[in-house]
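Number of protein chains: 2
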Amino acid sequence: MLIPVILAGGLGTRLWPVSRPERPKPLARLTGDLSLLQTTALRTAAIPDAGAPLIVCGESHYPLIARQLDDIGLRNYAALLEPMGRSTAPAAAAAALAVDEDDLLLILPADHLIEDTGAFVEAIRSAADAARADWLVTFGVVPDRPETGYGYIERGEPIEGLAGVYRIASFREKPDLAAARRYLNTGRHSWNSGMFLFRAGTYLEELRMLHPEIPARTEAALAAAARPGGALLDRGGILLESESFSGCPSESIDRAVMERTRRGATAPLAAGWSDVGSWYTLWELGPRDEAGNVVSGPAHLRDVTGSYVRARERPVTVIGLEGVIVVDAGNALLVAGMDHAQAVKPPPVQGRALPDETGSDQRR
Amino acid sequence: MLIPVILAGGLGTRLWPVSRPERPKPLARLTGDLSLLQTTALRTAAIPDAGAPLIVCGESHYPLIARQLDDIGLRNYAALLEPMGRSTAPAAAAAALAVDEDDLLLILPADHLIEDTGAFVEAIRSAADAARADWLVTFGVVPDRPETGYGYIERGEPIEGLAGVYRIASFREKPDLAAARRYLNTGRHSWNSGMFLFRAGTYLEELRMLHPEIPARTEAALAAAARPGGALLDRGGILLESESFSGCPSESIDRAVMERTRRGATAPLAAGWSDVGSWYTLWELGPRDEAGNVVSGPAHLRDVTGSYVRARERPVTVIGLEGVIVVDAGNALLVAGMDHAQAVKPPPVQGRALPDETGSDQRR
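Line by line, the protein sequences are chains A and B.
Its first residue numbered 1, the first sequence is counted upward by one per residue in the working numbering.
Its first residue numbered 1001, the second sequence is counted upward by one per residue in the working numbering.
FYI, nobody ran anything at the bench for these hints, they're computed from the structure.
Quick caveat: nothing in here was measured; it's all calculated off a predicted structure.
Stretch by stretch, here's where chain B covers chain A in the computed footprint (C-beta under 8 Å, at least three residues):
| # | segment |
| --- | --- |
| 1 | 298-310 |
| 2 | 320-328 |
| 3 | 335-342 |
For glycine and all other residues, C-beta sits at the position ideal for the given N, C-alpha and C.
If we strip away everything but chain A, and leave its shape as in the complex, we get (with noise of 0.2 Å):
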């Protein structure tokens, strides 16, 4: 059985302030009326065959999490509670080691956008068969612009009897524009997602093999994990037992499998994907009025063009101005050039360390 696996870590500390500690990016309506965690929720409803998603969160967001599925009439999941966070492979064996061997992952993190769930299900069907014969597949997004802001994956030959899945040929670090541009043009580098889709066994064969710590601590912890809830299955979820977790190094799937294992392969994804990792990227998202305006709420524009103004209760007026950023977040207010989108992280007044997640931030 195909199991979703929904990754609801992630803190987008650079979508301060709505983006918060107690509310963090996939949990937040940046969008629209729904919450990323929703979305990517709603998304898997549309997978053939699909099995009950498994969430993987922090103990502490659980209950929100909980509440926002109910929301969307989404009560037939299992969810796997974290002490603290660990990246993603632990993340990622904590699921594996929950279902049977021969179930294949499919990893999500919980706050990407997709606009094509056609296309992603088509992917997906592709991935699959790959997946069955113990590849472990990593969805490579077709790039449509020389994004500088991710890392990419060259893709190698096609796999033999697998319709579109490739091999790995490299996994290339954050490239300057001129690099970028290249990749671009070459038809055969795409940006690494952080979507994932595998055999359980293969992915903890390989784990065990390259990183045996991991494994072994998420199966101690889930082997004493408490049930609150009663069974996996269960709205109550478990929560793996923190000694143990604690002691799991924090690593991501590409790091600790994926930039290392022969088994890599990845599969291209064409379906408007995005990972809205910033308000810029939400500027881009739009939509944009003919002045290139992103504006929502009770907001007051004049004179001001190519900015994103996201208002709440209060009116908001902006008055003669290109490419800022205005984002009232009730008990918090950010003003930022669109330029400086990248840059935004809450004010060290709030600034105390924040705890490692699980999620897309850790993606490289």
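Guided by the hints, dock chain B onto chain A, whose structure is given.
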């Protein structure tokens, strides 16, 4: 006796959202712990032999004004309450009619800043001699920059026997930059401050000749005035009768009298004057930090220069911008380019026609 007449009108729409209809610019705390009305009232106490000030204000603002004067310990004053604004000429006429005709009226808009009280008192001393000799004296602020936002007064010959007082050669509308630069170099041009000194009787004589409807209507409004608190020299104030006063033409002292009288004179004032006209002015007044920012309240700035940031209770974070105005007024928020400071006004959602009020907004 010299009586300071404080015109506490002035909408100050360019200082929205701190300046609001219910607490306009003179009553807002723009520059510190005191409102401009309070600093204006305190300044009059430094004038030797001056009588108790006479406040002319909108009826609805009087309770707040009385509270603010009480807060600075000023309990000896009179108040004339206008049922609606009719600009400065009728306000000054009401004051002139309420006092003895030989009293000197020092007309002071309540929304100006003056740094050098000593120079201010000195200028008044010169002007008082002229006023006793039946001159209508307007104070001309010695310019220190080629300001295009003010009207100018060109002085003529010195008046014999009256040191520091000149005939008026001409009034000049707001100039373009080239003209403003010329004016700066002549030594004969000064900014039209909206501050006057004249004998009550002189003003009324000229007004009766040049614009007889104003004193006639004002006199009727005063004769039929309600006296909720008793006599004029009582903190209750007296309320001008509405029907008579509403028929009074809305006209500034400049237009109604100064531009047409043969008794006009001007006295130069170099006392660090500012009309606190916009957020740009407040940025100029400072204090600016080494990045050229003026910041108050819980604000956090990163890569920001030349900006004015006024936070209140909620933290405001500004990142990567130059020359921006950010004003959080609690229930409304303004974000504007510094070069658009003159264009600030309330958004149209609150934009019902605002009443025409006494004060410096009508000054030319």
